[in-house]
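Asker: When you get a sec, could you build the whole thing from the sequences and use the hints?
Using full-length UniProt numbering, the first residue of the sequence shown is number 1, and each one after it goes up by one.
Be aware that a few hints might be false.
As the list claims (entries may be wrong) - Taking CB as the label site, the calculated pair distances span:
1) Asn87 / Val30: 36 to 42 angstroms
2) Glu27 / Arg61: 40 to 46 angstroms
3) Leu12 / Phe39: 17 to 23 angstroms
4) Arg50 / Leu17: 20 to 26 angstroms
5) Leu17 / Thr42: 26 to 32 angstroms
6) Ser72 / Leu17: 19 to 25 angstroms
7) Arg50 / Glu27: 31 to 37 angstroms
8) Arg79 / Ser38: 21 to 27 angstroms
9) Ala59 / Glu84: 15 to 21 angstroms
10) Ser11 / Arg50: 23 to 29 angstroms
Hints are computed from structural coordinates only; laboratory data are not their basis.
The beta-carbon is built from N, C-alpha and C at its ideal position, and this holds for glycine as well.
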Amino acid sequence: MGMLMSMMMASLTLFSLQGMIYVGSSEGVVRVPTANCSFYWTCPQCVLARDPFCGWDPASRACVGASNSQASLGQDVDRGNVEEACNSVSFSHRARFSPNKLPAGESLVSVYG
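Answerer: Next up, the structure:
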């Protein structure tokens, strides 16, 4: 099997304000980002991903992290409507759910096994 070994996950915690997921096991803790917006190269790809942590920035013509940008971003998490999100001049429509509108408290999801 080489260097790869399977490990039993003991806990999974989302810290939405940090944009990170922490995965714990008997071997240690791994930190994983909630989004990899640079994976999407076009507005339709970005919108169709329906990732609440990413949005299309028309100024930089890139899919960027919603928490890293002050601009109005094109995204439609609810419907994935590319036409509305990518062709809108102002990109003022945003989905009802966004990382900044989560319930109070950092930890959104915790799973222990």
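Asker: Each hint needs a verdict: does it hold in this structure or not?
Answerer: Results of checking the hints against the structure:
The hinted range of 36 to 42 angstroms is satisfied by Asn87 and Val30, whose Cβ atoms lie roughly 39 angstroms apart. In this structure, Glu27 and Arg61 meet the distance hint of 40 to 46 angstroms, their C-beta atoms being roughly 41 angstroms apart. Under the hint 17 to 23 angstroms, the C-beta atoms of Leu12 and Phe39, about 21 angstroms apart, fit the expected range. Judged by the Cβ atoms, the range 20 to 26 angstroms given for Arg50 and Leu17 holds: they are separated by roughly 21 angstroms.
The hinted window of 26 to 32 angstroms between Leu17 and Thr42 holds, with their beta carbons roughly 29 angstroms apart. In this structure the supplied range 19 to 25 angstroms holds for Ser72 paired with Leu17, their Cβ-Cβ distance being about 21 angstroms. Between Arg50 and Glu27 the beta carbons are some 33 angstroms apart, a value that agrees with the proposed interval 31 to 37 angstroms. Against the hinted window of 21 to 27 angstroms, the Cβ-Cβ separation of Arg79 and Ser38 comes to about 24 angstroms, which satisfies the hint.
Our hint of 15 to 21 angstroms for Ala59 and Glu84 holds, since their Cβ atoms are close to 19 angstroms apart. As the Cβ distance of Ser11 to Arg50 is approximately 26 angstroms, the hint placing it in 23 to 29 angstroms holds.
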